[in-house]
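Asks: Read off the chains here:
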Amino acid sequence: MADITLDQIIKPENLVYTKTKLMTDKVLSYCPGCGHGTAHRITMEVIEELGLEEQTIGIAPVGCSVLAYEFMNIDMQQAAHGRAPAVATGIKRVWPDKIVFSYQGDGDLAAIGTNETIHACNRGENIVIIFINNGIYGMTGGQMAPTTLIGMKSSTSPFGRDAQRMGNPLKITELVAQLPGTYFVTRQAVHTPANVRKTKRAIKKAFENQRDGKPGVSFVEIVSNCNSGWKMTPRDANTWMEENMFPFYPLGDIKVDGKLV
Amino acid sequence: MSELKLMKGNEALAEAAIRAGADAYFGYPITPQSEVIEYLMAEKPHERTGMVVLQAESEIAAINMVYGAAGAGKKVMTSSSSPGISLKQEGISYIAGAELPCLYANVVRGGPGLGTIQPSQADYFQSTKGGGHGDYRQIVLAPASVQEMADFVKDGFELAFKYRIPVLILSDGVIGQMMEKVELFDPIPRLTDAEINEKYPWATTGKKSGTERRIITSLDLDSHKMEEHNHKLQAKYKEITEKEVRYELIDCDDAEYVIVAYGSSARIAQKAVRLARAKGIKVGLFRLITLFPFPSVKMHEMCGKGIKGFLAVEMSSGQMVEDVRLAVNGCSKVAHFGRYGGIVHTPEEVLEALEQKIIGG
Amino acid sequence: MTEELIIAGFGGQGVLSMGKILAYSGIMQNQEVSWMPSYGPEMRGGTANVTVIVSDERISSPILTIFDSAIILNQQSMDKFEAGVRPGGTLLYDPNGITRHPKRKDINIYQVEAARLASEMGNTKIFNMVVLGAYLKIKPVVKMENVILGLKKSLPERYHKLIPLNEDAINAGLKNVIAVQELH
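Line by line, the protein sequences are chains A, B and C. Going by the numbering used here, the first residue of the first sequence is number 1, and it counts up by one from there. Going by the numbering used here, the first residue of the second sequence is number 262, and it counts up by one from there. Going by the numbering used here, the first residue of the third sequence is number 623, and it counts up by one from there.
Each hint should be verified, as a subset may be incorrect.
Stated by the list, open to error - Have a look at the derived ranges for each label pair, beta carbon to beta carbon: (1) C:718 x A:215: 53 to 59 Å; (2) B:505 x C:738: 46 to 52 Å; (3) A:180 x C:698: 44 to 50 Å; (4) C:705 x B:497: 50 to 56 Å; (5) B:456 x C:680: 37 to 43 Å; (6) A:193 x B:505: 58 to 64 Å.
No lab work stands behind these hints: they were computed from the structure. We treat Cβ as the ideally placed atom computed from N, Cα and C, and that holds for glycine.
This is chain A alone, in the form it adopts within the complex:
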């Protein structure tokens, strides 16, 4: 083994995988083990595979993925906290032939931006919303999120979330599925190769819906970990997610082709 050099490995015939050209070469700012990188990559792969890069405009939120535009190699706008669905609405309404998506975390989409989320979904804007739910505010240092589970510790629920004093976690995905303006609503994960493949298929379906003018929002939630916010190793975080997050936020399609599953 010691005799093989890198030059001998890096050859076209050995190529088994290459990064989509719709991801920049910038090193991701996300913590090792975080799901954002995978979610970014498969979103960009879908756009490339569908040949939509020249007509796609993405919206970055406020939160860990505020710098998504540094990594996604397409035209992008950075929105004020929670306002991405309104920004996306503005773009889609004046450029109806473009493909518009927002990429948002739980605090952005389900707390400060709940109003924009609900109303964009209820109006049936023809956009894609990708929603990363890790049950915590990662960027600001692990505070309680609207999706933080009961009993879950965060820097603003240091003894665990207590429903009486802090309110309940919000299942916004189930909520938007009830609205007539959503066309496709699904909940997925990216912590195993199989889940990554399923999620990518869901994202592809979402973008195809928009491309084909299917009426309404295509909404893809990705339940993800936040190992640093949860103060766990990446592996423990994934196990904890499977044992605690998935029972409350079950994976699978909630609404397909405008009909509840």
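Given the structure of chain A, go ahead and fit chains B and C onto it with the hints provided.
Replies: Relative to chain A, chains B and C alone:
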């Protein structure tokens, strides 16, 4: 320029938006400016020009729709009244930071808080000194007639795109609700998608192969780069201050005293000038048209030419008067007169204030 | 010539549209006009008033506190605006529903029973046009042909068939105005 109509200020603003070739209006109802979106909805601009009109779920959503559409190179606007404009401030700060062109109107009502729906000019500070967070400015146009409500839409969009800056039409309940004769300008066609792609190399319209991607953002975590960006913004504001000052001088040639006012207060002040002249008082009116940039240079120059006193007349407890003081810089007497909380001063009150605070004081 | 007028009554009496027709008539004869309504809760059934200025000169303030003429169509407005009529000015009112009649001695006072006339003509919606006719009899600030043009301009096309009825109403007002007190 041919069509003569009797219109409310709010309706003139809305009609002018269609004629100015606006691509979209996003708004939320609030008194006293709901006629803007009502007029637009009734006019079916999607049939007339293809313009989009959408009633948003909040003023916050509306301004962020403006942000998105402006960032994609379109000519967009919103409007509201004081409490709604406060809600929009976050978005306006982002628009200023990201250097996007847009137009918005504030048909001011009395405050603070929910206040009153009656006319006021108490949003002068908010309009000219920032409003939202951060070190930014915006161009502020103050119409004093229904005619100017229409004309400033066209001018405002031009300035917005020339400088990539938010432009505010600062009106009030009087100008918004009153009807006057208005001569509407000829319609300007909306830009085609190809024209937008060609004219606005910064707009996010989808990354074409072989070109650089376009990013609309106001964020830079590197403080040195952020300072650089701020330098660029300040240079732009300086250029605007040098080039875009607008005002109107009425009866100022032989004046010994000057009333400074804008918007509906300027109309009332003009009547006060007439009453004063009838009594032999040599007074003129300095009507501000741009509030930012403020015509400080001209005001200071007039002061050096023997004006004995300036009376700032505004429907607030004294906001614009601070800029008058800065401009005059001690060179002449400055006093303030204004009714507020939704009360509109009368010409007689203005004349009395001039006599007591400037001439006799 | 400058005429500074207030029209005041209940919301729904056509106060604002009467002012608008008058303003449009002024435009038709190349005069300067302004129309400034009270707005807000008044829009929803309470009192409504509008100040209209028709002038040969550019209009400075559209807000009035003293009026050349006042058209008063309910008691609240009588209580509020009688005092604002300029000495020597004109007050026109419909006595219907008025319990405290105007007391000023230094103004011209006229009545028109517009509510009764409109109802006799079978359409209470033309009430405001009867009042307008009475006003124009006392103060012919705009020519009748321009009022008809103004009507056409301010009414949506689908209501143009109602113009003859409105003309009849204006004429009824012209014929039925009564002088209560005239200064000489």
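Asks: Can you list which hints this structure breaks, lowest number first?
Replies: When the structure is compared with the hints, only number 2 turns out to be violated.
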